[in-house]
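Engineer: Residues per chain, in single letters:
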Amino acid sequence: MYALSYVKAKSVKEAAEFLASNPEAKLLSGGMTIIPTLKQRLAKPSHLVDIGHLQELRGIEAKGGKLVVGAGAKHFDVATSATVAKAIPALAELAGIIGDPQVRNMGTMGGSIANNDPAADYPAAVLGLNATVVTTKREIAADQYFKGMFATALADGEIIVRIEYPVPKAAAYSKFHHPASGYAMAGVMIADTAGGVRVAVTGAGPGVFRWKEAEAALAKSMKPEALEGLALKSDDFNEDIHATRAYRENLVRVMAKRAVAKLAKSK
Amino acid sequence: MAKVEIKVNGTKHSREVEDRTLLVDLLRDGLGLTGTHIGCDTTQCGCCTVHINGRAVKSCTVLAAQANGADVLTIEGMAKDGKLHPIQQAFSECHGLQCGFCTPGMIMATAGLLKDNPDPTEDEIIHGLEGNLCRCTGYINIIKAVKQSAKVLGSKKK
Numbered sequence: 271m272y273a274l275s276y277v278k279a280k281s282v283k284e285a286a287e288f289l290a291s292n293p294e295a296k297l298l299s300g301g302m303t304i305i306p307t308l309k310q311r312l313a314k315p316s317h318l319v320d321i322g323h324l325q326e327l328r329g330i331e332a333k334g335g336k337l338v339v340g341a342g343a344k345h346f347d348v349a350t351s352a353t354v355a356k357a358i359p360a361l362a363e364l365a366g367i368i369g370d371p372q373v374r375n376m377g378t379m380g381g382s383i384a385n386n387d388p389a390a391d392y393p394a395a396v397l398g399l400n401a402t403v404v405t406t407k408r409e410i411a412a413d414q415y416f417k418g419m420f421a422t423a424l425a426d427g428e429i430i431v432r433i434e435y436p437v438p439k440a441a442a443y444s445k446f447h448h449p450a451s452g453y454a455m456a457g458v459m460i461a462d463t464a465g466g467v468r469v470a471v472t473g474a475g476p477g478v479f480r481w482k483e484a485e486a487a488l489a490k491s492m493k494p495e496a497l498e499g500l501a502l503k504s505d506d507f508n509e510d511i512h513a514t515r516a517y518r519e520n521l522v523r524v525m526a527k528r529a530v531a532k533l534a535k536s537k
Numbered sequence: 017m018a019k020v021e022i023k024v025n026g027t028k029h030s031r032e033v034e035d036r037t038l039l040v041d042l043l044r045d046g047l048g049l050t051g052t053h054i055g056c057d058t059t060q061c062g063c064c065t066v067h068i069n070g071r072a073v074k075s076c077t078v079l080a081a082q083a084n085g086a087d088v089l090t091i092e093g094m095a096k097d098g099k100l101h102p103i104q105q106a107f108s109e110c111h112g113l114q115c116g117f118c119t120p121g122m123i124m125a126t127a128g129l130l131k132d133n134p135d136p137t138e139d140e141i142i143h144g145l146e147g148n149l150c151r152c153t154g155y156i157n158i159i160k161a162v163k164q165s166a167k168v169l170g171s172k173k174k
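Top line first, the protein sequences correspond to chains A and B.
Mapping of the first sequence onto the working numbering: residues 271 to 537, in sequence order.
Mapping of the second sequence onto the working numbering: residues 17 to 174, in sequence order.
In case anyone wonders, no lab produced these hints; they're calculated from the structure.
Beta carbons are placed, not taken as given, at the ideal position from N, Cα and C, and that holds for glycine.
Possibly wrong hints are sitting among the right ones.
As the list claims (entries may be wrong) - Take a look, some chain A residues computed to stay more than 12 Å from chain B by CB distance:
| id | residue |
| --- | --- |
| 1 | Val282 |
| 2 | Phe420 |
| 3 | Gly427 |
| 4 | Pro476 |
| 5 | Arg480 |
Stated by the list, open to error - With a cut-off of at most 20 Å between alpha-carbon atoms, the simulated SDA-like pairs for lysine to any residue come out as follows:
| id | chain 1 | residue 1 | chain 2 | residue 2 |
| --- | --- | --- | --- | --- |
| 6 | A | Lys309 | B | Asp57 |
| 7 | A | Lys493 | A | Val431 |
| 8 | A | Lys278 | B | Lys131 |
| 9 | A | Lys314 | B | Asp35 |
| 10 | A | Lys283 | A | Val431 |
| 11 | B | Lys160 | B | Glu146 |
| 12 | A | Lys278 | B | Glu21 |
| 13 | B | Lys167 | B | Thr153 |
| 14 | A | Lys314 | B | Ala95 |
| 15 | A | Lys482 | A | Asp462 |
| 16 | A | Lys309 | B | Ala18 |
| 17 | A | Lys309 | B | Arg36 |
| 18 | A | Lys278 | B | Glu32 |
| 19 | B | Lys131 | A | Gln310 |
| 20 | B | Lys23 | A | His323 |
| 21 | B | Lys131 | A | Ile367 |
| 22 | B | Lys172 | B | Ala95 |
| 23 | B | Lys19 | A | Ala273 |
| 24 | B | Lys23 | B | Cys56 |
| 25 | B | Lys19 | A | Ser275 |
| 26 | A | Lys280 | B | Asp57 |
| 27 | B | Lys19 | A | Thr402 |
| 28 | A | Lys537 | A | Asn520 |
| 29 | A | Lys309 | B | Lys167 |
| 30 | A | Lys537 | A | Ala489 |
| 31 | A | Lys296 | B | Asp35 |
| 32 | A | Lys309 | B | Lys172 |
| 33 | A | Lys527 | A | Glu363 |
| 34 | A | Lys280 | B | Lys19 |
| 35 | A | Lys314 | B | Lys160 |
| 36 | A | Lys490 | A | Lys535 |
| 37 | A | Lys278 | B | Lys167 |
| 38 | A | Lys280 | B | Gln105 |
| 39 | A | Lys278 | B | Ile68 |
| 40 | A | Lys333 | A | Ala290 |
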């Protein structure tokens with residue numbers, strides 16, 4: 271790791287002010303991506319501004335038809351929260367299968383969303399459940415937030431404070447994880463929401479995306495068979511030593527069917 | 017430099033470290049607690065697993081400065097009064113190790129798992145140890161050792 275300065279922020283406000291005056295500084299939340307990145311000398315921030323310990327970011331509450339999760343909530347907190355289990359059990363299940371137990375004890379929802387790894391799980395939840403990302407500067411709808419591989423709508427120095435999930439009628443997540451890394455080779459979140467059916471796919475493409483053909487088909491019939499033979503744009507899917515494009519495309523179809531079957535059972 | 021005041025296995029320590037120092041390096045090089053191993057450089061192997069404030073974490077992926085003020089438990093803190101912890105005893109009796117390199121991390125991960133789930137199924141044990149790799153592939157006896165640990169710890173509570 272290159273030399274850097276560690277700064278423990280006393281509040282989100284202080285962290286934001288520090289970032290504003292130090293453009294080369296980076297935020298540290300759970301550190302489950304940034305510390306491995308720094309160890310490999312793939313980044314060289316001037317400072318790490320730690321917000322991982324801030325209690326003001328840790329809250330989880332259900333109010334007014336929404337589940338509101340603080341950006342600093344750890345995956346373990348989300349996976350084991352009775353409030354999450356009651357409001358959106360699919361979100362608790364998703365959080366409980368991120369990475370491994372040690373990662374879940376440190377990693378945070380805000381960190382995952384800010385990083386937007388194309389194979390991370392939370393982007394599928396945020397997009398599939400039509401959540402709103404609330405930052406120190408504004409509110410960003412999920413459909414406007416994700417901008418492809420590791421890219422988001424966040425401006426420099428903008429800090430995610432919380433994520434607001436409208437409670438769906440039903441939702442389910444199904445994931446085929448890479449056996450070594452735990453990341454999604456394909457993960458599909460299906461949600462039956464007040465605004466219609468939403469299908470978000472992570473792991474397969476260059477970033478999380480909505481499978482609109484599946485949304486239209488499932489709006490008519492929420493059954494695995496409804497997905498049979500649907501068009502799925504896969505020309506930009508990831509192709510690497512782990513899986514070919516065609517393999518990933520098939521995984522998306524299978525995970526989507528499993529999620530539909532799970533959703534039907536949860537009703 | 018960062019000042020780190022930390023409690024490790026019940027003993028308070030105070031050290032000045034470089035800001036970039038990893039917790040595992042403070043434990044091993046700063047405090048001489050070499051039971052916590054470094055097996056990879058990529059947050060995958062889990063050999064460096066310790067508990068921070070009661071939760072299992074990979075100490076190679078936490079800055080020492082982040083752990084300032086924390087209560088840390090390492091493999092050296094498991095045995096009490098010269099007597100192995102029941103999980104250590106179970107790993108020994110079930111031969112839950114081959115070369116032994118991953119064992120400290122396996123034991124600390126097991127302690128974390130059994131805290132959350134005192135009576136895990138075989139499937140839950142496998143998933144509960146997903147953050148730890150044994151490159152001798154001695155998983156069968158590791159799973160046996162976790163089962164025995166759960167049994168012994170469970171009957172102690174009754």
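Engineer: Hint compliance check: list the failing hint numbers for this structure, sorted ascending.
Structural biologist: 7, 8, 13, 14, 19, 24, 26, 27, 28, 29, 32, 35, 37, 38 and 40
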